[in-house]
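Number of protein chains: 2
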Amino acid sequence: MELDVFRKQAHQMVDWMADYLENVSQYPVSPDVVPGQIRASIPARAPEQAEPFEQIFADFEQAILPGMTHWQHPSFFGYFPANSSPPSVLAEMLTATLGAQCMSWLTSPAATELEQRMMEWLRDLLALPANWTGVIQDTASTATFCALLSARERATAGRGNLQGLHGQPRFTVYCSSEAHSSIEKAMRMAGLGSENLRKIDVDQAFAMVPSELSLQIHRDREEGLTPLCVVAAFGTTGSTAIDPLGPLAQVCQRENLWLHVDAAFAGSALILPEMRIWAEGLERADSFVFNPHKWLMTNFDCSAYYVKEPQTLLDTFALTPEYLKTAQDDQVYNYRDWGPQLGRRFRALKLWFVLRSYGAEGLRQIIRQHLEWAQDLASQIQAAPDFELLAPVTFNTLCFRYLSPQDADLDRVNQTLLQSLNASGEMFMTHTRLKGVYVLRWVLGQTRLEQRHIAAAWEKIQATARAL
Amino acid sequence: MELDVFRKQAHQMVDWMADYLENVSQYPVSPDVVPGQIRASIPARAPEQAEPFEQIFADFEQAILPGMTHWQHPSFFGYFPANSSPPSVLAEMLTATLGAQCMSWLTSPAATELEQRMMEWLRDLLALPANWTGVIQDTASTATFCALLSARERATAGRGNLQGLHGQPRFTVYCSSEAHSSIEKAMRMAGLGSENLRKIDVDQAFAMVPSELSLQIHRDREEGLTPLCVVAAFGTTGSTAIDPLGPLAQVCQRENLWLHVDAAFAGSALILPEMRIWAEGLERADSFVFNPHKWLMTNFDCSAYYVKEPQTLLDTFALTPEYLKTAQDDQVYNYRDWGPQLGRRFRALKLWFVLRSYGAEGLRQIIRQHLEWAQDLASQIQAAPDFELLAPVTFNTLCFRYLSPQDADLDRVNQTLLQSLNASGEMFMTHTRLKGVYVLRWVLGQTRLEQRHIAAAWEKIQATARAL
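In order, the protein sequence lines correspond to chains B and P. Here my numbering is used: position 63 in the first sequence is 63, and no number is missing along the way. Here my numbering is used: position 313 in the second sequence is 313, and no number is missing along the way.
Keep in mind that the hints were calculated from the coordinates and are not lab data. Computed from a predicted model, the values in this text were never measured in an experiment. Watch out, some of these pointers could steer you wrong.
Identical copies carry no separate label here, and so any pair may be met within one copy or between two of them.
[What the hints assert, rightly or not] Here are the simulated DSS-like cross-link-like pairs (lysine-lysine), alpha carbons at most 27 Å apart as the crow flies: (1) Lys308 with Lys199; (2) Lys199 with Lys460; (3) Lys199 with Lys325; (4) Lys435 with Lys325; (5) Lys199 with Lys435; (6) Lys460 with Lys325.
Start from the sequences, fold in the hints, and give me the full structure.
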């Protein structure tokens with residue numbers, strides 16, 4: 001494609017993009033397609049000859065767009081949001097154009113140093129300890145994996161990485177029964193084994209019970225196992241429950257365990273001073289992750305991983321083959337040594353654009369607004385006689401269900417309700433189970449969310465439920 | 001940022017992007033900055049109030065751009081290229097705008113099914129076995145890690161993932177002494193231990209010697225160790241040496257070892273029928289990775305990972321907590337179960353745009369041209385009395401050095417030469433060591449590369465060397 005064609009097409013693309021973002025609320029949030037339908041609509045083989053971009057883009061609109069789930073739709077209430085924003089998209093345009101590989105300082109000094117700065121900005125915005133050091137990972141899954149590897153590195157004085165886990169003690173890791181599946185995945189990957197992940201009981205607010213943790217650690221030690229690490233949740237995926245960080249930090253200190261705090265979604269709320277009360281004890285953690293790509297208007301992927309002692313992370317990952325050596329290695333951060341991948345995109349740029357475009361105060365207003373709407377909605381759900389909330393609403397995730405007067409099988413009723421709501425295309429929600437009970441999760445966190453979207457959805461939910 | 005502002009800024013951005021790509025050869029390839037300089041130029045704290053985009057972009061141009069290494073510069077000859085192209089950038093613009101999270105089929109059906117199709121397209125374009133299944137990983141580092149985990153899963157019948165490596169045999173993995181550092185990193189991460197990676201001797205062409213491999217496996221078995229996996233290189237990082245896949249496959253079959261083929265860079269050459277002679281035996285591998293984001297004009301990140309038996313990969317990674325369950329789970333690919341991360345960008349779109357915009361024949365022409373230029377340049381270097389080639393030129397990477405008539409310390413001479421060339425801003429090269437000898441690596445693979453860039457660089461190299 002010649003550059004004059006690119007220029008023309010990119011201008012048309014920009015208009016399409018702006019139109020899309022303007023009209024995104026008019027799309028069905030999730031598509032009406034059946035498995036295999038889209039694949040069948042795409043030829044089985046690549047074309048031999050070049051095709052004009054007009055044709056390619058027409059096919060995008062016809063074959064792909066109707067099969068997308070629209071994560072930027074204001075009524076996307078499922079999972080956790082993967083927010084983007086106009087300044088973030090502008091940065092992604094630049095990032096793609098520069099096409100820089102940011103594995104070492106030398107391979108793009110500005111990318112490395114902007115990443116350092118942005119990690120400082122975020123650290124201070126969240127009032128994290130000033131001596132913590134940050135690095136951008138792709139996802140919280142990777143960050144949590146890094147934490148387990150670091151704990152392993154520290155506990156084995158490096159022998160785990162050098163000699164492998166053959167001959168090492170049987171290590172155990174602890175999280176709550178509500179913790180994220182990425183921890184179990186990390187246990188597998190790290191060779192620690194998913195059976196050695198202890199899922200500690202939670203209280204009525206779905207937070208880990210520290211005394212149960214202590215008990216389990218004690219039992220494991222008695223059986224000759226070696227406790228390694230506690231992964232605490234600041235906002236579980238199910239209900240954004242908060243594990244008691246202070247008491248957990250105390251256990252970790254007493255037992256000499258690594259404390260990793262997974263705040264993938266809810267961590268962004270720490271830009272609000274009034275929310276920091278929930279994070280008491282966080283300053284005693286060894287590592288911490290939160291995802292600006294969830295609730296901080298920054299395109300996926302952008303996961304901020306902080307560590308108290310970067311050396312353990314470096315001891316885990318640093319490797320400098322001859323072809324990667326540079327003259328500056330002793331004076332700079334080579335971020336390839338801070339995580340699993342060698343190759344790295346220039347991800348700090350979008351953070352810079354977002355943080356400056358909104359300003360700290362602008363971001364606080366959005367998050368604060370989401371939290372207020374959540375409290376307001378919680379009151380409405382509580383006030384409805386045939387609905388109930390199943391978990392505390394500390395942030396902006398509401399776990400609720402419909403109490404059908406006709407059908408006692410509430411799990412089935414609510415499953416049908418969810419299917420019906422999502423099939424309407426007017427909203428998209430997901431579910432989980434809390435203490436075995438099927439609940440709908442409603443997350444009020446999309447960039448473009450306004451109160452009217454919440455009001456319309458709540459009306460639709462009630463009408464749909466009562467008409468089941 | 002309001003959408004009308006976004007529209008205006010994005011149009012200006014497009015002009016900047018097209019101008020940049022038009023003029024990229026006029027920038028110094030790598031910047032003239034010292035460590036810390038850029039970080040110091042960025043305020044220590046995020047702004048409280050929103051800033052106008054004009055100011056942010058002006059700072060980008062003033063503070064960031066002069067600190068970038070320009071990977072899209074035609075005279076970027078270092079490492080391996082991280083190519084982009086106009087259609088790929090257009091796709092990235094769309095991807096950023098849609099901002100879809102492609103972890104499950106349901107979270108964006110079109111993204112999942114387009115990924116399936118694109119993996120089929122690439123498989124057939126490279127003439128890989130028709131029964132192989134592909135998935136996009138972020139990097140080859142991750143793909144190779146997946147391969148080691150799959151080998152571990154198969155060899156332990158799942159117990160490695162379930163119970164951990166405590167109590168498992170001491171596994172050994174094999175690669176050549178020229179193999180990529182990501183293998184050692186993967187050994188650490190997987191809990192296999194870097195000491196259990198056996199680096200097998202290479203021949204004069206820097207390819208693994210199968211008899212040495214057999215010998216080492218035999219020695220390891222005699223010592224009670226358990227050989228697990230061989231990682232063969234189709235194009236090493238140092239000199240793009242090709243390990244003899246057929247003989248290695250035979251060893252793996254005899255010894256019941258997993259065979260992973262790392263073709264991160266050179267794999268793209270397999271779109272040329274005439275290059276497939278180098279890959280004889282590849283069809284017997286268990287897994288294979290190559291990076292369209294290197295030499296196939298597709299923006300980073302996009303690494304194509306193929307496996308013979310997807311079930312082993314799924315057994316390694318699949319985990320379905322309640323909040324991720326969907327009604328279609330039994331009928332679809334949920335790509336979160338195919339790799340380490342839960343979150344995934346919509347990466348198939350750029351492949352679709354690139355493969356259709358160039359057409360298979362268009363891509364073959366580019367790669368073929370690079371290979372021809374490399375042969376031509378190799379002849380020129382060989383013809384120069386004071387230069388020598390240090391490795392066979394099978395693809396488009398040339399390892400060479402200057403034979404100074406005045407200074408016998410050729411390592412130092414060539415180190416100085418490289419520094420001087422890179423400091424000129426007219427080109428960017430990197431180095432490695434082959435059999436202990438310091439060599440310059442010159443990779444002819446950038447999207448925008450033309451013969452005149454090679455000619456100018458070769459003239460500059462000779463003049464600079466002779467003036468040292």
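Discussion item. Could you work out which of the previously given hints the structure breaks and list their numbers from low to high?
Written reply: Number 2 only.
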